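Let the sequences and hints guide you as you build the complete structure.
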Amino acid sequence: MRASFDWLKDFVKIDAAPEAAAEKLTMTGLEVEAIERIDGDAVFEVNVTPNRADCLSMIGIARELSASYNVPLVFPDLNVVSESKELDFNVEITDPELCRRYAGRIVRNLRVGPSPDWMKKRLEKCGIRSINNVVDVTNYVLLEFGHPLHAFDLKTLKGSMIRIGTPKSVKGSAGLKFKTLDGTERDIPGDSLMIWDAERPIAVAGVMGGLDTEVTGATTDIFIESAYFEPTSIRRTSKKLGLKTDASYRFERGTDIKALETALDRSAILMKELAGGTVYGKIDIYPKTFHPIEINVRYERVNKVLGIKLEPRQILASLNGLGLEIEEQGSAAFKVQVPPYRSDITMEADIIEEVARLYGYDNIPAELPETCLGGDQKKEDIYSQDLKRDVRQSFLKAGFTEAVNLSFIGADELDLLSIPADDARRKLVRIKNPLREEEAFMRTTIVPALIRNMLHNVSHGNRDLKLFEASRVFFSTGPDTLPEEKERIAALYFREKAKTLYREDAQDFYVVKGILEAVLAGTGITDVSYVRSSEPFLHPGRAADIIINGQKAGYIGALSPAVTEKLDLKASKPSIIVLDIDIASIMSASKRKATYRQLPKYPFVERDTALVLDAAIEAAEIIGHLKSYPSDLIEDVSIFDVYQGTGIEPGKKSVAFNVRYRSPEKTLTDAEVEALHAKLVEHIVGKTKGQVRG
Amino acid sequence: MSDDLKQPFLDELKSVTSLSDAAALKVKYLGKKGLVTAQIKSLSTLSPDERKQAGQQINELKQFIEAECDKKESVFKNDELKIRLLSESIDITLPGKFAAFGSEHPLSKTLGEVIDIFTRMGFSVEEGPEVELDQYNFEALNIPKDHPARDMQDTFYVSDDIVLRTHTSPVQVRVMENRKPPLRFIAPGKVYRCDADVTHSPMFHQVEGLMVDKDIKFSHLKGVLITFLRQLFGPDIPVRFRPSFFPFTEPSAEIDMGCILCKSAGCRVCKGSGWLEILGAGMVNPKVLENVGYDPEEYTGFAFGMGIERIAMLKYSIDDIRLLFENDIRFLRQFS
Ligand SMILES: [Zn+2]
Chain D
12 MRASFDWLKD FVKIDAAPEA AAEKLTMTGL EVEAIERIDG DAVFEVNVTP NRADCLSMIG
72 IARELSASYN VPLVFPDLNV VSESKELDFN VEITDPELCR RYAGRIVRNL RVGPSPDWMK
132 KRLEKCGIRS INNVVDVTNY VLLEFGHPLH AFDLKTLKGS MIRIGTPKSV KGSAGLKFKT
192 LDGTERDIPG DSLMIWDAER PIAVAGVMGG LDTEVTGATT DIFIESAYFE PTSIRRTSKK
252 LGLKTDASYR FERGTDIKAL ETALDRSAIL MKELAGGTVY GKIDIYPKTF HPIEINVRYE
312 RVNKVLGIKL EPRQILASLN GLGLEIEEQG SAAFKVQVPP YRSDITMEAD IIEEVARLYG
372 YDNIPAELPE TCLGGDQKKE DIYSQDLKRD VRQSFLKAGF TEAVNLSFIG ADELDLLSIP
432 ADDARRKLVR IKNPLREEEA FMRTTIVPAL IRNMLHNVSH GNRDLKLFEA SRVFFSTGPD
492 TLPEEKERIA ALYFREKAKT LYREDAQDFY VVKGILEAVL AGTGITDVSY VRSSEPFLHP
552 GRAADIIING QKAGYIGALS PAVTEKLDLK ASKPSIIVLD IDIASIMSAS KRKATYRQLP
612 KYPFVERDTA LVLDAAIEAA EIIGHLKSYP SDLIEDVSIF DVYQGTGIEP GKKSVAFNVR
672 YRSPEKTLTD AEVEALHAKL VEHIVGKTKG QVRG
Chain S
965 MSDDLKQPFL DELKSVTSLS DAAALKVKYL GKKGLVTAQI KSLSTLSPDE RKQAGQQINE
1025 LKQFIEAECD KKESVFKNDE LKIRLLSESI DITLPGKFAA FGSEHPLSKT LGEVIDIFTR
1085 MGFSVEEGPE VELDQYNFEA LNIPKDHPAR DMQDTFYVSD DIVLRTHTSP VQVRVMENRK
1145 PPLRFIAPGK VYRCDADVTH SPMFHQVEGL MVDKDIKFSH LKGVLITFLR QLFGPDIPVR
1205 FRPSFFPFTE PSAEIDMGCI LCKSAGCRVC KGSGWLEILG AGMVNPKVLE NVGYDPEEYT
1265 GFAFGMGIER IAMLKYSIDD IRLLFENDIR FLRQFS
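Those protein sequences? They're chains D and S, same order as listed.
Heads up, the first sequence is in the working numbering, so the first residue is 12 and it goes up one at a time.
Heads up, the second sequence is in the working numbering, so the first residue is 965 and it goes up one at a time.
Simulated pairs of lysine to aspartate or glutamate, DMTMM-like, Cα-Cα distance not exceeding 20 angstroms:
1. S/Lys-1109 / D/Asp-491
2. S/Lys-1061 / D/Glu-507
3. S/Lys-1109 / D/Glu-108
4. D/Lys-320 / S/Glu-1261
5. S/Lys-1154 / D/Glu-495
6. S/Lys-1144 / D/Asp-392
7. S/Lys-1041 / S/Glu-1052
8. D/Lys-315 / S/Glu-1261
Non-contacting residues of chain D with respect to chain S, defined by C-beta distances greater than 12 angstroms in every case (computed):
9. Pro-29
10. Val-123
11. Gly-183
12. Gln-325
13. Lys-508
14. Asp-538
15. Ser-571
16. Leu-624
17. Arg-704
These are calculated hints, taken from the structure and not from any lab test.
These numbers come from a predicted model, not from an experiment.
Beta carbons are placed, not taken as given, at the ideal position from N, Cα and C, and that holds for glycine.
So, in structure tokens, the structure goes:
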């Protein structure tokens, strides 16, 4: 809302500089966001919160100044001398719950022409273009009183009558087409309130007038409308039509049902002054009179909620100037009658806010509450929050940089990954009003965002990439229920086989898997295994599902070249590893309770053996066989060499493993170990159908 | 007799130039067929008296030669080690094999700082769904359908009754429904509004907080939030409270802090005012307390909320919110 300081001073005689007045308004709740200097005047850009419709006007803002400065509010001249009372004109409200009051005045024989400069300037300073004297007067009064008015060309109205009703109530119709004065033909829903003459609709009530009844240069007689329309009804119509006007903006926030009369009189005076003509008597249909609400306010409650110690007279004094009618009720309380322009005040707390803002928030002391120590958080929640923080920290320490992406995804991003139609990740939550089609769904996987980040970075020459993101993903559970939200952590490792100073001694898959193992070990997870993954977007030979406690918790693997080819990735022979893991799975398997175990007393003995076996037999199987051998003396087994090539038959490989033997009771002798190891080798040879490599 | 050998040894010692020369010299005098060894052997031909004296002399000579040779040898050994180590030298100015830590995202970093301050004040941390019922996001917070207050938050809709939460306030309602006062917690998380430009992102992060108990006052709200801002931005930061409007609080306040960029002198970011809007807050609206079954006569509380993007952008002087979601590592690494 733009407000001219000169104009405000018509209603409140203060000497303050505009900056000081603006500061005062800001500190009492009407934030002045900017002050613009125009022709020696200062124009305030006021941020009016939705509860303060009354401040969408000069009088409303002036009233705030009047209350802050304790200077009385001065109203403009409102005495209309009606020159004739004869009127052959009828007003009929068919939907009284949508239109609680309808008033109007007829002015005849006026001359439509340009407005005087002083009016043009005031309108323009407040952001309204001058059209002609008649329309300008309605806009001027709109700015002054915050009450929208509409002027019809009286001669275009059929049958000397106005009706107020919806297409449904007036014509039993489910909707109709109507041309508004901006020249647009619009579909008006059956439940939108309209203004009609004897034959047809002539305006969308409270939103915009019709083209056919618009005031033009040839107009001589007018009907000025001043009405109270139900806010929610106007809001619904404005939303449905996608049409927001100065009038609808005020009606939907609530106008002053009493002051509509004042605004009408003020417009009649200005009309006569600027355009001449004869003003006729007022028509006023007001089926149900407004009854102000009354609120009981306790002095003690005011002090208790705010943390101050004001005397009753101080509390009452702070409310001066707001136009509230106050009646003292003994020593403990007072009664407030709320004027219609303050529809935001409905309860004691609202009055407490009025006291607080006029007393000044900065005058209320600041103190810390006296309270018991410690929060009331559940132990499990603390544990899980700590664990999540630790997992993120582990990725950071492993060199991964944290990404934060928007939660949205486009369906084509799942197509890119060849996610099948029956995959859970296709259970997408659709947003009805997305900003862009690429952001029309809530994501079910983080990986596409990391791929996007990779493309961005590589195209900007950032070629050494390790990114991770921890975020929720969303799976639809049906159109009327909330989706399932799951927390996941995903990472992307990108390395281009370009010039590097030092060679990487392990394949990238193992580099990332090593980090994952460290992260999981850090959470105390012991039961984790890896099985070949069938994720459609991963390299089938270089991808594993991560199995925790027997359940798939995620996957790790090289991005399939089939996917990489479809990306506009300007890199030669890139190696891209992605991993994605469910946080709840980590959470439920995590064991972080440590118990001390005695250190071993006796030394260990190690034996190494190399086997030649079928190349398809994987490490996990060999380890499994070794570990399943029934002996308490085997402390640990590990594979330390895998070799294929010269000296080994094609289709075979050599696998060397190390076994560490130890007894908790004594030092093992060479002979004992020799015998045990021979049996173990025999066992593994039998299981793998391999041969000991000589 | 032994003097006959000492001088020639010393002469020869002077011409020793390598470890092998030194070894050879040692063998020449002290070896099995060495000159000194020969003299020791010839002692048996002497009379007992002569033998004792000569033996002593030869022994001294032997020890002398031994020590001199060892000294020489160790000099050459040191030299050889030096030469070998020198040959093993590497370019210590080449960079190390890069193993830097990753960088925490500036939003996580800021969020972590905010959470830490409140947890130190005894607030717990609560979470709730990001896709939320209209009921929790609006209605229970005193924002009915068809109310202009809905214009304050441009909402993404999933259906007529399901929205992407526009703030983390619905977490407050969910917690209050399930617990009785006293309550003291914050609700951090992602929120959504359909708006996108240099200062608005359709997804952003909020931290909201709530404290409800028997005797909670507006003055407590001021105390807690001033403490928070001073811990986050420094003990001297000016703070002011001014009236505002939120449907779920009454009275409501907007909290400004002195502009940290221009030290309150007025700049582009603070639009010349010297103040930056940083928090929204207020006393919980009695209607909200009633909605969750609390008696507003018995309990009062305050609630507050802040945008993490705004705080991060101010703290790190970031002028375009989109940078925060582009994940360009040249940007992200600036916060490690
Ligand atoms: Zn500044």
